[in-house]
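Please model the complete structure; the sequences and the hints are all you need to start from.
In numbering that gives the first Met the number 0, the protein residues as written are 0 to 365.
Hints in this document: simulated from the structure, not taken from any laboratory. Being a predicted model, the structure only gives us computed values, none of them experimental. Glycine included, each C-beta is placed from N, C-alpha and C at the ideal position. One should not assume that every hint holds.
As the list claims (entries may be wrong) - With a cut-off of at most 16 Å between alpha-carbon atoms, the simulated EDC-like pairs for lysine to aspartate or glutamate come out as follows:
{"hint": "1", "residue 1": "Lys-215", "residue 2": "Glu-273"}
{"hint": "2", "residue 1": "Lys-115", "residue 2": "Glu-83"}
{"hint": "3", "residue 1": "Lys-115", "residue 2": "Asp-285"}
{"hint": "4", "residue 1": "Lys-144", "residue 2": "Glu-83"}
{"hint": "5", "residue 1": "Lys-115", "residue 2": "Asp-150"}
{"hint": "6", "residue 1": "Lys-147", "residue 2": "Asp-188"}
{"hint": "7", "residue 1": "Lys-115", "residue 2": "Glu-149"}
{"hint": "8", "residue 1": "Lys-175", "residue 2": "Glu-265"}
{"hint": "9", "residue 1": "Lys-185", "residue 2": "Asp-150"}
{"hint": "10", "residue 1": "Lys-246", "residue 2": "Asp-233"}
{"hint": "11", "residue 1": "Lys-121", "residue 2": "Glu-213"}
{"hint": "12", "residue 1": "Lys-275", "residue 2": "Glu-213"}
{"hint": "13", "residue 1": "Lys-215", "residue 2": "Asp-285"}
{"hint": "14", "residue 1": "Lys-246", "residue 2": "Glu-258"}
{"hint": "15", "residue 1": "Lys-121", "residue 2": "Asp-188"}
{"hint": "16", "residue 1": "Lys-121", "residue 2": "Glu-85"}
{"hint": "17", "residue 1": "Lys-275", "residue 2": "Asp-105"}
{"hint": "18", "residue 1": "Lys-115", "residue 2": "Asp-130"}
{"hint": "19", "residue 1": "Lys-175", "residue 2": "Glu-273"}
{"hint": "20", "residue 1": "Lys-215", "residue 2": "Glu-83"}
{"hint": "21", "residue 1": "Lys-275", "residue 2": "Glu-306"}
{"hint": "22", "residue 1": "Lys-185", "residue 2": "Glu-149"}
{"hint": "23", "residue 1": "Lys-175", "residue 2": "Asp-304"}
{"hint": "24", "residue 1": "Lys-275", "residue 2": "Asp-130"}
What the hints assert, rightly or not - Ranges of calculated distance between the beta carbons of each label pair, as one might list FRET restraints:
{"hint": "25", "residue 1": "Gly-183", "residue 2": "Pro-277", "range": "28 to 38 Å"}
{"hint": "26", "residue 1": "Phe-76", "residue 2": "Gln-352", "range": "48 to 58 Å"}
{"hint": "27", "residue 1": "Tyr-327", "residue 2": "Asp-163", "range": "36 to 46 Å"}
{"hint": "28", "residue 1": "Val-282", "residue 2": "Asn-235", "range": "20 to 30 Å"}
{"hint": "29", "residue 1": "Pro-349", "residue 2": "Ser-251", "range": "27 to 37 Å"}
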Amino acid sequence: MRFDKLIAFFAFLLWLPFTATGQDTIPATQEPDTTVVDTIVIRSIQEKIQYIPRGVNLTNPVISFKTKPRTRRFNRFKIPSFWEVENNLGLNLSEVAFVNWNAGGDNAFSALANAKFVRNYKFRYVQWNNDLVLRYGVNVQEGQKLRKTEDAIRFSSSFGYRRDTLTSWYYSAKVKFNTQFSNGYKYPDRTAPISRFMAPGYLFVGAGISYIPEGKNFNLYMSPLTQKATFVLDQNLANDGAFGVEKAVRDSTGTIIREGENKFIEVGISVTNEWKTPVWENVTMDHRLSLYTDYLRSFGNVDIDWELNFVFTVNEFLKANFGTQIIYDDDIRFNPVVADDGSILSPGVPRIQFRQLLAIGLSYSF
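This is the structure we're talking about:
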């Protein structure tokens, strides 16, 4: 018999006489004994744990000094920025050359340079978007002088404020400016430019509301009150009344009595929409639409500027671009009727302007 069980058995024998009578061990009439008896506590061997929780680690901690030194520096903490920055430079080149080519043809070279700079700020209730687009292209053919194929300067800035972080509608104000770099001609005539830097130049300033959903690259801006200023800083074009400005006053001999105006101010309604989204793998669609109509001069006659581009990404540095642009402006007239003395009998008629571009070239973003 085990020793611990033997001790338990003797303890039971000593305790048994006190409980055999079924009464209290001390009679009610007898004074209680003040003798204190020590209590004996008997413990059995603790049994092993049958269930160990998953989070319990019963192993002893191990300290090891077998470590390798870091080969890289720790990344320094950077303060979070609420600015989205995009810088993109592109250059598209095309060339064709012939030597004793029986089918005929002229040697030609084309180049198109473009740059885009974006600075967007967004934090809680405020969103401020700014972008600057620059494009310029030239073409050279054998037996011809240098010709311009692309020319644009476009800047846009819009500020929006919303009441809470749940809505996608903003109270907005927007500024937009468009012009070109160099003279434009109706080739092959190079004697008289039909456009120049700041002739025309367009400035739009307005206020309204914008719908800008989260993470969609979508912006719909509607302004019931927008001022459109058209600048024609070339006096010869201003005297002819180009781009809607008031033309010069001439006498019967064609002599100018009063110079033409260099600016023309309109107030009307403006609606713009910008949307950029992937359509296929490595193919992105970039859509930009601008609509404007004047309240006083020709309400309901809408000026349209719609640009649609598809960007095909080959790799990090090689991209292809296919794009179209449609412009309709009632203030831009074609085929004017000019008298022998140089006076304009008819300013011409407005027409739809269309441009199409297909280019493959280098692109660098930073």
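How the hints compare with the structure:
no.: 1; hint: Lys-215 - Glu-273; verdict: 11 Å, holds
no.: 2; hint: Lys-115 - Glu-83; verdict: 14 Å, holds
no.: 3; hint: Lys-115 - Asp-285; verdict: 13 Å, holds
no.: 4; hint: Lys-144 - Glu-83; verdict: 42 Å, violated
no.: 5; hint: Lys-115 - Asp-150; verdict: 14 Å, holds
no.: 6; hint: Lys-147 - Asp-188; verdict: 13 Å, holds
no.: 7; hint: Lys-115 - Glu-149; verdict: 15 Å, holds
no.: 8; hint: Lys-175 - Glu-265; verdict: 15 Å, holds
no.: 9; hint: Lys-185 - Asp-150; verdict: 14 Å, holds
no.: 10; hint: Lys-246 - Asp-233; verdict: 12 Å, holds
no.: 11; hint: Lys-121 - Glu-213; verdict: 11 Å, holds
no.: 12; hint: Lys-275 - Glu-213; verdict: 13 Å, holds
no.: 13; hint: Lys-215 - Asp-285; verdict: 12 Å, holds
no.: 14; hint: Lys-246 - Glu-258; verdict: 7 Å, holds
no.: 15; hint: Lys-121 - Asp-188; verdict: 49 Å, violated
no.: 16; hint: Lys-121 - Glu-85; verdict: 14 Å, holds
no.: 17; hint: Lys-275 - Asp-105; verdict: 39 Å, violated
no.: 18; hint: Lys-115 - Asp-130; verdict: 7 Å, holds
no.: 19; hint: Lys-175 - Glu-273; verdict: 13 Å, holds
no.: 20; hint: Lys-215 - Glu-83; verdict: 15 Å, holds
no.: 21; hint: Lys-275 - Glu-306; verdict: 12 Å, holds
no.: 22; hint: Lys-185 - Glu-149; verdict: 14 Å, holds
no.: 23; hint: Lys-175 - Asp-304; verdict: 13 Å, holds
no.: 24; hint: Lys-275 - Asp-130; verdict: 14 Å, holds
no.: 25; hint: Gly-183 - Pro-277: 28 to 38 Å; verdict: 35 Å, holds
no.: 26; hint: Phe-76 - Gln-352: 48 to 58 Å; verdict: 53 Å, holds
no.: 27; hint: Tyr-327 - Asp-163: 36 to 46 Å; verdict: 39 Å, holds
no.: 28; hint: Val-282 - Asn-235: 20 to 30 Å; verdict: 45 Å, violated
no.: 29; hint: Pro-349 - Ser-251: 27 to 37 Å; verdict: 29 Å, holds
Checked against the numbered hints above, the structure violates hints 4, 15, 17, 28; every other hint is satisfied.
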